[in-house]
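Given chain A, work out where chain B should sit, using these hints.
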Amino acid sequence: MHAQSEKLEPREFSALLRGETETFAAWSGHWNTRRLASRLAIIVIGAGLYGAAMGWWRAPQQGVYVAAKFPLIILLTTLGNALINGMLAPLLGLNIPFRQSFSAIVMSHAITAAILGAFSPLIGFVIWNAPAMTTGMAGASTYSLILLIHVAVIALAGIAGNLRLFQLLATISGSRLAASRVLFAWLAGNLFLGSQLSWILRPFIGSPDLPVQFYREGALHGNFYEAVFHALQRILTLN
Amino acid sequence: MNENNPVPPQIPSAEAAQRLAEKITTPPPTPPLSGPRPLGDDPAERVAIPHAFAAIEALLRHPRRLMFQLRQPGAGKLIGGMLFVALVCAAVYGVVAGTFTGGQQLWMAPVKIAAGLFISAAICLPSLYIFTCLSGSQARLAEVCGLLAGLLMLMTILLVGFAPVAWIFSQSTDTLAWMGFLHLVFWFVATLFGVRFMKSGFSHTNAKSHAGLNVWIIIFLLVALQMTTALRPIIGKADTFFPTEKKFFVGHWLDCMKVHDNNEWKTEKRD
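Protein chains in written order, with our numbering: chain A, 1 to 239; chain B, 1001 to 1271.
There may be inaccurate statements among the hints.
What the hints assert, rightly or not - Here's a subset of chain B near chain A, in silico, CB distances under 7 Å, partners left out:
1) Gly1103
2) Gln1104
3) Leu1106
4) Gly1161
5) Phe1162
6) Phe1193
In short, the hints are calculated from the structure, not lab data. The structure presented is a predicted model; accordingly, all values stated were derived computationally and were not measured. Virtual Cβ for every residue (Gly too), placed ideally from N, Cα, C.
One chain only, chain A, in its complex shape (with noise of 0.2 Å):
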């Protein structure tokens, strides 16, 4: 079994996508650079190419930053709750080392940037259908509309990842109870720096009124939270 689990194999993409939970328990159990540089290649290029068709409205510039920024945003969300994502694992309940949760955590993320690769030539075809990005009202209704498609793919892709998350964590664990604890605290921590990380390298749609660029001048200057906060602050003023 040991011996199974360090060879590397191309049914490997389509075991991680069916969610083979004894599978995924005995690969998390063991170390193995090839798996693991294997799960990031995955969400280099799902994530980008959703990336990239997300992008692509705006401008085919767009779209080459968007690329890179998706895939950025997922890899330095996981890096940057690593450590604390390890702790909180024995502490609520479910005894993995540190390199199982974080293998666990880039398998789940993997999932997710396959689904989103999946899509993106999807969102490539409403993309090339839509009306050229414009102000007004008429630009307004397309921007929601393709502003929704990108939430219920993205929701969806990151129900499916955190699906095979919790099956693994609960088959890990043997108890549901443990694994539901640590994938909200995992999920709480990911969902906070996430959004800061989303926020910080904005924009990904992009504007008709605004310039195409990596990310907007004064990135660095406010957060996400905050904005939330005044925006609830400026529509209670108003009411």
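Just chain B now, kept in the frame of chain A:
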């Protein structure tokens, strides 16, 4: 007597009647209390903790091993190692907190955070020992010190875990009040886990009640929060190392919020 059993029931003798009466009046033997599993019943828990890294590993993965070792004679060295880890981790987190302002705060923040944490613990240690004794606990002072060291070590290790996230926010946020809030959230989460370890340790000391410990936890939280105000600024700029004005932490927070609101409305940017 019935159809299936034609033999009449025998009348018990006086001796048998007395035995029966004793059986009825004497309460049944008390089953063992369903308390926590005694420390050290697993041979793995009896393995000595040779150095500080092993203590970190034990605290995160096998806290019972650490609790058992804290009860053994000569636990002073282990406690010293734990306090050293807590000191280093507090300093590391302090440097990250200091990057928000930079300059002199890069050394002031680690000094203030580490000193604040240790002074809070030292101030609260006597009351902790008194409360544990009042609750009927059999813990010795050394064991109480060990559990407090465990609380500090777990808190600071978790803070180091949060450090990369704190650093990203420090580099991308301008608002002092927001960063202060974020550090408090991280501190609170870390303290929750530390307190959980401590309570778990006290459950093995035959304490009759946890009420005293719960009161002490509230005291410790209040002292630590006040320490952040007494040693301010930890993340902002200042001309002096210590503050020139004395305040309670709630008043200080309210003042920070007022300053933040005024500045925010003046300098609000839209993208």
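Hints, verified against the model:
1. Gly1103: 18 Å, violated
2. Gln1104: 22 Å, violated
3. Leu1106: Since the shortest Cβ distance to chain A is 18 Å, the answer is violated.
4. Gly1161: Where the cut-off is 7 Å and the nearest Cβ of chain A is about 3 Å from Gly1161 of chain B, the hint holds.
5. Phe1162: 5 Å, holds
6. Phe1193: 6 Å, holds
The structure fails to meet hints 1, 2, 3 from the earlier list, while all remaining hints are met.
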